[in-house]
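Engineer: Please arrange chain H on chain V, whose structure you already have, making use of the hints.
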Amino acid sequence: QQQVKQSPQSLIVQKGGISIINCAYENTAFDYFPWYQQFPGKGPALLIAIRPDVSEKKEGRFTISFNKSAKQFSLHIMDSQPGDSATYFCAATIDGGADGLTFGKGTHLIIQP
Amino acid sequence: NAGVTQTPKFRVLKTGQSMTLLCAQDMNHEYMYWYRQDPGMGLRLIHYSVGEGTTAKGEVPDGYNVSRLKKQNFLLGLESAAPSQTSVYFCASSLRGPQHFGDGTRLSIL
Chain V
34 QQQVKQSPQS LIVQKGGISI INCAYENTAF DYFPWYQQFP GKGPALLIAI
84 RPDVSEKKEG RFTISFNKSA KQFSLHIMDS QPGDSATYFC AATIDGGADG
134 LTFGKGTHLI IQP
Chain H
5 NAGVTQTPKF RVLKTGQSMT LLCAQDMNHE YMYWYRQDPG MGLRLIHYSV
55 GEGTTAKGEV PDGYNVSRLK KQNFLLGLES AAPSQTSVYF CASSLRGPQH
105 FGDGTRLSIL
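First to last, the sequence lines map onto chains V and H.
Note that the numbering used here gives residue 143 to position 110 of the first sequence, counting from 1, and the numbers run on in steps of one.
Note that the numbering used here gives residue 25 to position 21 of the second sequence, counting from 1, and the numbers run on in steps of one.
This is chain H alone, in the form it adopts within the complex:
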């Protein structure tokens, strides 16, 4: 019973590098979300998807892109990483109502 799985768990990047964070859910949920968590800021929505092939911007979308090619996967991309993107990234999924979260990816940009 995996639920929501995020890979990688930790990553260190240099400024300007690119990377992709992967989120996979095995609950057949329609909705998927990417949040970032910063100290004292709570969680803020980056992008979300209400179904396969659809994406939408959240509160803090700048510098990120997403794709939902398969229902169970939601990818978050950083094309040119910046130190301001140092954060813990959480993926979540839901059918409707309660969102189920993964355990996060800790990303540091040097």
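Next comes chain V alone, as it looks inside the complex:
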């Protein structure tokens, strides 16, 4: 049973546009929701994270929107750049992640110049 569902599987956005990736979770005990960015041949790197006590968190061009009642959260990349082309994973965990992260299946993002 997949506990974190991520969409779309792939996404093509023009340079300067907004990239939006969505995730939905099932386990209401999850209380930490990070997004990871992965480039080919590298490990995932933490991009931004949110806890369910806030509805939005912004860091530079990256914003997480969180809807606790709908059990959904999304990543918005404003003014998307070719350097943002990567695979993005949403994840969720309980109580600081001691038991490990549950990942979505990933979104392959391509920013066209």
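Everything labelled a hint here was simulated from the structure, so no lab data went into it.
Beta carbons: idealized from backbone N, C-alpha and C, even for Gly.
Hints are all accurate, no fakes.
A partial selection of chain V residues facing chain H, derived with a Cβ cut-off under 7 Å: (1) Gly76; (2) Pro77; (3) Ala131; (4) Gly137.
Structural biologist: Chain H in isolation, oriented as in the chain V frame:
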């Protein structure tokens, strides 16, 4: 500033062979994790450890064993490799919250 280091980076095994993947972290983190990444599947947790001398099973533990004899090291063993274990293996560590990942070990089982 090494962070999380995985060795080896690449390995090809024959079915039935055994091997050990090594993960080392220099951040004094308590928690360490092993994940596998397969195309279209995201990352799935194999085993994890919340401290030296402790280990626990994750989502996909079958066919793997782990040991955490020292706080900075977390070993993943394959006793009898199978083609289904062909994957990219990632180690991660954390103090609490954000996990820091290594760059992976690409393992092929023929």
